[in-house]
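Go ahead and model the full structure; you've got the sequences and the hints to work with.
Heads up: the sequence shown runs through residues 0 to 355, numbered per numbering that gives the first Met the number 0.
Derived from the structure by calculation, the hints contain no laboratory data.
We put the CB at the ideal spot given by N, CA and C, even for glycine.
Fair warning: there could be bad hints in the mix.
Label pairs and their computed distance ranges (CB to CB) [what the hints assert, rightly or not]:
(1) I59 / E319: 52 to 62 Å
(2) D58 / L348: 13 to 23 Å
(3) E31 / R230: 41 to 51 Å
(4) S309 / R85: 52 to 62 Å
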Amino acid sequence: MKKLSVLSYHPNRCSGFGGIENLVRSIKRSVEQSDITFYELYNREPPVEEIALACSKFDIKKPLMFDAGFLATFNKAWVFYRHVMREKYDIVITYHPANLLFFLLTKRKPKIVLVQSNSVEKLFQGRILKALAQKILDRVDAMTLYTSFDQHALSKRFAVNDQKMFIIPRACKLPSAAPRQHHDNRLVTICRISENQKNFTAMVEIMAQAPELTLDIYGAGSAEEVRELERKISAHPNIQFKGKTNDVAATLSQYSVFIMTSFYEGYGQSLIEARSQGLPIVLFNTFDAAQSVVVDGKNGFLIEPFDQTSFRDSIRKILESDALYKQMSLESVALSATTDPQSIQDKWLALFKSFQ
Numbered sequence: 000m001k002k003l004s005v006l007s008y009h010p011n012r013c014s015g016f017g018g019i020e021n022l023v024r025s026i027k028r029s030v031e032q033s034d035i036t037f038y039e040l041y042n043r044e045p046p047v048e049e050i051a052l053a054c055s056k057f058d059i060k061k062p063l064m065f066d067a068g069f070l071a072t073f074n075k076a077w078v079f080y081r082h083v084m085r086e087k088y089d090i091v092i093t094y095h096p097a098n099l100l101f102f103l104l105t106k107r108k109p110k111i112v113l114v115q116s117n118s119v120e121k122l123f124q125g126r127i128l129k130a131l132a133q134k135i136l137d138r139v140d141a142m143t144l145y146t147s148f149d150q151h152a153l154s155k156r157f158a159v160n161d162q163k164m165f166i167i168p169r170a171c172k173l174p175s176a177a178p179r180q181h182h183d184n185r186l187v188t189i190c191r192i193s194e195n196q197k198n199f200t201a202m203v204e205i206m207a208q209a210p211e212l213t214l215d216i217y218g219a220g221s222a223e224e225v226r227e228l229e230r231k232i233s234a235h236p237n238i239q240f241k242g243k244t245n246d247v248a249a250t251l252s253q254y255s256v257f258i259m260t261s262f263y264e265g266y267g268q269s270l271i272e273a274r275s276q277g278l279p280i281v282l283f284n285t286f287d288a289a290q291s292v293v294v295d296g297k298n299g300f301l302i303e304p305f306d307q308t309s310f311r312d313s314i315r316k317i318l319e320s321d322a323l324y325k326q327m328s329l330e331s332v333a334l335s336a337t338t339d340p341q342s343i344q345d346k347w348l349a350l351f352k353s354f355q
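Listed below in structure tokens is the structure:
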């Protein structure tokens, strides 16, 4: 049987922080013991590394001429397309449909896998992508989706052959912890510092309504975003910004409830990590996969966007009942089995082998 070669393309090298970076590392691990050769194409080193990775002949850096704005979209797509057409890969993977624009010009190999990296609603943003969405979906050979909820959302919007769609959740990089036996009033969130996505304004307003609770925020972002967050929380003594954490499991072990107020997410890597450590979760129900991460009333609460009063009351409900807290913690750990790294790696390997 022929040995497969797979190329993954994402602008940032996978050594950095972020859901896609973690996903690329996970896919790499899934093929380490197989007969698949994995290459990574990227345009830039990450501003902050989460993990140190030595460069090898399988890591290919192609800098961009335009790295921001409208021209960057076409620059990324062209760099990806030109490299693929010059080489002989069996399968190429990318995480944004805009990277496939030039592939619409040819039916030539290789096989193309488009990986969901955002909510289905936000996959095809902008006039060009909206106009070409169906053509891009017709061109790909497979599309991976986080959950059956995302698959349903995609099928409602576009005509996609069921045989092209593969449900592969994100893998949780943390081993599951034991369910919690004790709790206090300490809340936590871990995320990229970006107001436009994470909606820290709502988070601060909710905490202002619950002075008996404390919230620590962990994450990295641009200097401007961090300054703005620090300005928002400066008048609230029960909220602190802690910067990035290099030991997520140890950090989560210090807290009782994980919260998220995002306007949108793809899957929410930090959510499945918090779940694996036995934390009940409260979040706004703003993306399709939220329903698979939190089963409302079992391991936390899904709140109607953007009902701050219900959000606050749900946190209090969890913390005011010792029995409810322990049950929700138990459910969080049980649900974490759905994102077990080995089972996710097996799904990726099976997808690649299906092209042999």
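Range hint compliance [Cβ, E31 to R230, 41 to 51 Å]: holds (45 Å)
52 to 62 Å as the expected CB spacing between R85 and S309, which holds or is violated: Check passed, 54 Å falls within 52 to 62 Å.
I59 paired with E319, Cβ distance criterion 52 to 62 Å: holds (54 Å)
D58 paired with L348, Cβ distance criterion 13 to 23 Å: holds (21 Å)
Of the hints listed earlier, there is not a single one the structure fails to meet.
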